[in-house]
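Q: This is what each chain is made of:
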Amino acid sequence: MNLEMGEALEAFRAEVIAFLDANVTPDLVEAGAKTTSVFAPFEQAMRWQGILAARGWAAPNWPVEHGGAGWSAEQADVFAQECERRGLPPLLPHNLKMIGPLLIDLGTPEQKAKYLPGILSGEDFWCQGYSEPNSGSDLASLRCMAVSDGDDYLITGQKIWTTYAHHANRMFLLVRTSTEGKKQQGITFLLLDSMDLPGLTVKKTIGLDGFPEQCEVFFDAVRVPKANRVGAENDGWSVAKHLLKYERGGGSPGPALRRRLAALREAAARADDGMGGVIADDPAFQERLGMLEADVISVDYHFRHARGGGEPAHDPAYPSMMKTLSSETSQALSAMMIEVAGLEGLPRQLDALAVGANSGPLSDGFDMVAMPYYLNTRAASIYAGSNEIQRDLIARIVIPA
Amino acid sequence: MDLTFTDEQVMLRDSLGKYLERNYDFETRRAVVAASGGHDPKIWADLAEMGLMALTLPEDRGGLGGSVVDLVAVAEVMGAKLLAEPWLPALPGALALAHGGAGEGGAAALAAFAEGGAPIAFAHEEGRALAEPARVAMTATRKGGELILSGAKRYVVAAEIATHLVVSARVSGAPGARAGIVVALVARDAPGVTLDAYDTVDGRRGANIRFEAVRVPAADVLADEDAGCDLLNAALAPTVLALCADAVGAMGALVKITARYAADRKQFGVPIGSFQALRHRIADMAMAHQKARSTLIVTTAMAEAGACAPRDLRLLKAQVGRMGREVGESAVQVHGGVGMTDELSVGHYFKRLLAMDAIYGAGRLHFRAIGAAA
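Listed in order, the protein sequences are those of chains A and B. Following full-length UniProt numbering from start to finish, the first sequence increments by one per residue and tops out at 401. Following full-length UniProt numbering from start to finish, the second sequence increments by one per residue and tops out at 374.
Pulled out of the complex, with its shape left as it was, chain A reads as follows (with noise of 0.2 Å):
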């Protein structure tokens, strides 16, 4: 065992200041403390991955040949290190790590030279069209159809839970080609090169939390061109299989779980707790935060055992463990944060939550993020296949048969 540690890494750290230093704007860390999901203010946040890929690191870990910054493990540490004491914004993933490592996996040269410069720099965005009204966690039913027409397919159905579908001009998603066999095994992968294609229509989704995070996306009679197929046609579903190890297990939750730990403490040391002192000094509640803290520790080590070659990085139950692990600790988290802002969570603050308002919060910043960040958050147990299919999973795995 080895962590890298002293002078080149603290040389690269001060680059990574004096970079942040020089770039980071106030709207970006505005972004950032009004992030009330994993999905931040869209355009603070592709704004900071524009200025990341002009310098190289806004996919880190890319092959480097793909505009990888070929960092070891410790430097990418640091680098989220930096950017978490800035408060600074979460990248999205769509992009960075779901259709760009899934085009480097098994995209076409034509594909790979078309979509991953414009993927990396930010300057489009992609969403993902799996889940369909009556395919949620049994995708493999999806229904959406792609018929073909000379070169073309022509798509008709609906999308639904498309996140951020309404700031998006690209499209990735899975639709049915065949009904023969089973029902894996007539699934298509396409690209949507634009969202304004005619008889495609976006509709938004308001959450619990206020906000159009998702969105419904309807197809009728949509033109794509075969081109725009990644793998083989029926073959989709072992595509989108190897995105999902991506989007299960790809990035790591510690850096922003921290950071809402440490406003979470900040603010019980300032939240009178109704019986004339403060909620930090309350023993139970230490006791807590405690067991809280703990986890967040868990399941950031979780990701760097793997990261750094253990066992986790050989175990097929790792994506499912850590999608459980890191969505339940972030739940965990956000019910002791509506717990300490109490009374003040109550208030729905949709304006002051915009990035740029007029209107300051009503009593402070975390009390303003933590009910929308608490129901939103609902949403990881239930996203990326729930949390009941991932036990499966992994009891498939532990499980002799």
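It should be emphasised that the hints constitute simulated quantities derived from the structure, not laboratory data. Glycine residues also receive a C-beta, built at the ideal position from the N, C-alpha and C atoms. Don't take every hint at face value.
As the list claims (entries may be wrong) - With the Cβ distance kept under 10 Å, some of the chain A side facing chain B (calculated, not the full set):
#, residue
1, 3
2, 287
3, 292
4, 302
5, 307
6, 313
7, 317
8, 318
9, 388
10, 391
11, 394
12, 395
13, 397
14, 399
15, 401
Given the structure of chain A, go ahead and fit chain B onto it with the hints provided.
A: Chain B only, in chain A's frame:
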């Protein structure tokens, strides 16, 4: 970043695992526990032959100069095989001797231990367990050049078979103060030392020990009041890592055994492992094990790099204890009635995990300390 064991460590793990596989099945363990409180001189000698006693002792003290990673690597295997020999309980005493200012008697005791002689018992715990060395309360007074120990220690494992005890005590200050703690080497049969020995729930022999005006010559004071707390921390840090590794090994074994049982045991004409409620419980066990293991491995790598603070160890200890109880309780539940019996290894693993959680401060205390200050 490399979080894997080296080839040498893997070989050591393999050879220890194979040795225990051949010589220490569950029935053998039961017999050793029943006959002699978990200690069999032949097995103890074999472990010493493998270099396990000398493993992390400094080379100038007859040790192999191994790292904490070596320690963790072997302790996980011992936990997985439910080894009752007092290897782990003897660790902090030996480390305190190795790193403290031991005189001739201490050096001889340590050299004997390294070669497979008697374990050095660690007489440190008090009350309901000490969450940190600074809480030591048992008193010591100075008289001439000697130290006089008076008071009591609890849960001293392997004291009966030890020739020497490493004892922590306070010459000044109140419990909680870092200064004022001394560490002394005391012959187990010294005048004024009385053992009240008992079997422990996890198959070992423990003792509560009374010290009545026990005289310690200056040469056997391992650390005086400026250095006692640091010496205890230096002895306890690797010990806590090894203890957690042992528990993680036990958890891993429980997950495997329980998953196997769920696949084999049939009710209503089907394996009980086909029922979703049980499948999800087993998935939770597997996740608890992985959480604990990754926390162990990364904390160990930090310790190896000299970047592990006492707070990091607290967190590890409390988290492993909590996950261990979760895994142990679920293992018994999935096994049903048979899991309640002494006949199966399941309950023995469970009790080992419970013991691990209770010593060196219960999880409750550590979690609270973590919550109280960042």
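Q: Hint by hint, note whether the structure agrees.
A: Do the hints match the structure? See the list:
no., hint, verdict
1, 3, "holds (4 Å)"
2, 287, "holds (4 Å)"
3, 292, "holds (8 Å)"
4, 302, "holds (4 Å)"
5, 307, "holds (7 Å)"
6, 313, "holds (9 Å)"
7, 317, "holds (7 Å)"
8, 318, "holds (8 Å)"
9, 388, "holds (7 Å)"
10, 391, "holds (4 Å)"
11, 394, "holds (4 Å)"
12, 395, "holds (4 Å)"
13, 397, "holds (8 Å)"
14, 399, "holds (5 Å)"
15, 401, "holds (7 Å)"
When the structure is compared with the earlier hints, no violation turns up for any of them.
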